[in-house]
Amino acid sequence: MTSSSNPRAIIALDLDYFYAQCEEVRNPAIRDKPVVICVYSGRSEISGAVSTSNYPARRLGVRSGMSIAFAKKILKDNASAVFLSIDLEYYQSVSDRIMDILRSRSEKFEQASIDEAFVEVSSQYDSGYLNAIKVAKAIKEDILSSEKLTSSVGIGSSKLLAKMAADSKKPDGFAVILPGEERSFLGPLPVGKLFGVGPKTSEKLKSINVSTIGELALVNEEKLSDLFGRKLGPSLKDWANGRDESPVVEKPIEQMSRIVTLKSDATIFEFQDVLQPISEDLARKLHSSGLLCKSIGIIGITDALKVKSRSKSLPVPTESGKIIFETASELFSNFFEEEKESRLRRIGIKISDLQGMHSKIGSLEDYF
DNA sequence: AATACCGGCGAGT
DNA sequence: TCATACTCGCCGGTATT
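Quick note on numbering: our numbering labels position 75 of the first sequence as 75, and the sequence is numbered without any gaps.
A couple of the hints might just be wrong.
[Unchecked claim] List time: in silico BS3-like cross-link candidates among lysine-lysine, alpha-carbon distance up to 25 Å: (1) K76 with K33; (2) K251 with K231; (3) K140 with K108; (4) K251 with K285; (5) K206 with K223; (6) K285 with K312; (7) K350 with K294; (8) K294 with K251; (9) K206 with K193; (10) K350 with K340; (11) K251 with K350; (12) K170 with K148; (13) K237 with K200; (14) K137 with K170; (15) K223 with K237; (16) K231 with K193; (17) K223 with K193; (18) K169 with K33; (19) K231 with K204; (20) K33 with K170; (21) K308 with K322; (22) K73 with K263; (23) K134 with K108; (24) K193 with K237; (25) K350 with K285; (26) K148 with K137; (27) K350 with K322; (28) K308 with K200; (29) K294 with K308; (30) K322 with K285; (31) K134 with K169; (32) K204 with K306.
[Said to hold, decoys possible] So the derived label-pair ranges between C-beta atoms look like this: (33) S47 with S127: 51 to 61 Å; (34) N131 with G61: 33 to 43 Å; (35) S80 with K148: 17 to 27 Å; (36) I268 with D167: 43 to 53 Å; (37) E221 with S5: 17 to 27 Å; (38) S64 with S146: 22 to 32 Å; (39) S123 with K73: 49 to 59 Å.
FYI, nobody ran anything at the bench for these hints, they're computed from the structure.
The beta-carbon is built from N, C-alpha and C at its ideal position, and this holds for glycine as well.
With the hints as extra help, turn the sequences into a complete structure.
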């Protein structure tokens, strides 16, 4: 018995410069001006980082992740530039409305982030993706009419291809990679454009003379495994060849975290006031999702910006803010005992091993 | 020998 | 220039069973 099936038809949707565009919709007067969305850390008047910006700001050199100070410097002669503090709740409410509509209308849907989603329309497959194109255009127009937001969409035979298609034409873009065109689309692109390949991986690939995705596609698999590990190595080769079987499926929440920047770096455990509210926050979020956590961790970012972490799995899953707080406190005390010289700039709590409230896991010994 | 746990790293939005 | 707040996946090492 042989079986064959059509390629999948997947639409990737990406809301353009999402946070900044939400602000443009809320206040149309700032449209066409450089708009910078800032995460102020509270250490000084302007300390903090740029979350994102609109295209006028980007054209002048503003980038995600740069310091607010640097963005202000770049825009210092631009009287019209607008710096706004991030308002995540507002963007989340806009996102929720859009995602709920898409989810309710799709047979297969996956929200990938606050501003990205996949819709699969394989069931009405045609070789020119005419149906997928029609659906994608309808989605774009829906979002434009209901929320006044532009978006970029890509269509391809996998999530990877659809996503990279969407990325290739931004903003307000529309790109289709037909089945069979995968390699010719990917081949000429620099490896850094491949989803999952960031600066570190690019650097390593450069060291073995691989600079394009087409070159990566030809590298010996064992060599990639040696360099990048048994999972990532083979995946890189697959992706570079346009192979990606990952399904369009909504993923359950796996972890939640909260982290804050301290007013000044700390060398001892003295953060009850900081940990208390974020513990309660996490407990509330857990409870509202109907989940329990089985492991609790702390995150610290040192003055040298190195990430430190400690974690502990619990004997019994919890949703208690008190237990989250007490466990995190204990982990921080232990951490500073082990690393007396550490100065922490940012601290946070991560809860993971999330499970449904009524999942029956474990044996009798867990209860007695 | 398999599985679980732990801390670190990399990547993405 | 001076560096946020999240999420996810994977790695190697070690402990547990």
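Earlier hints that do not hold, by number:
none
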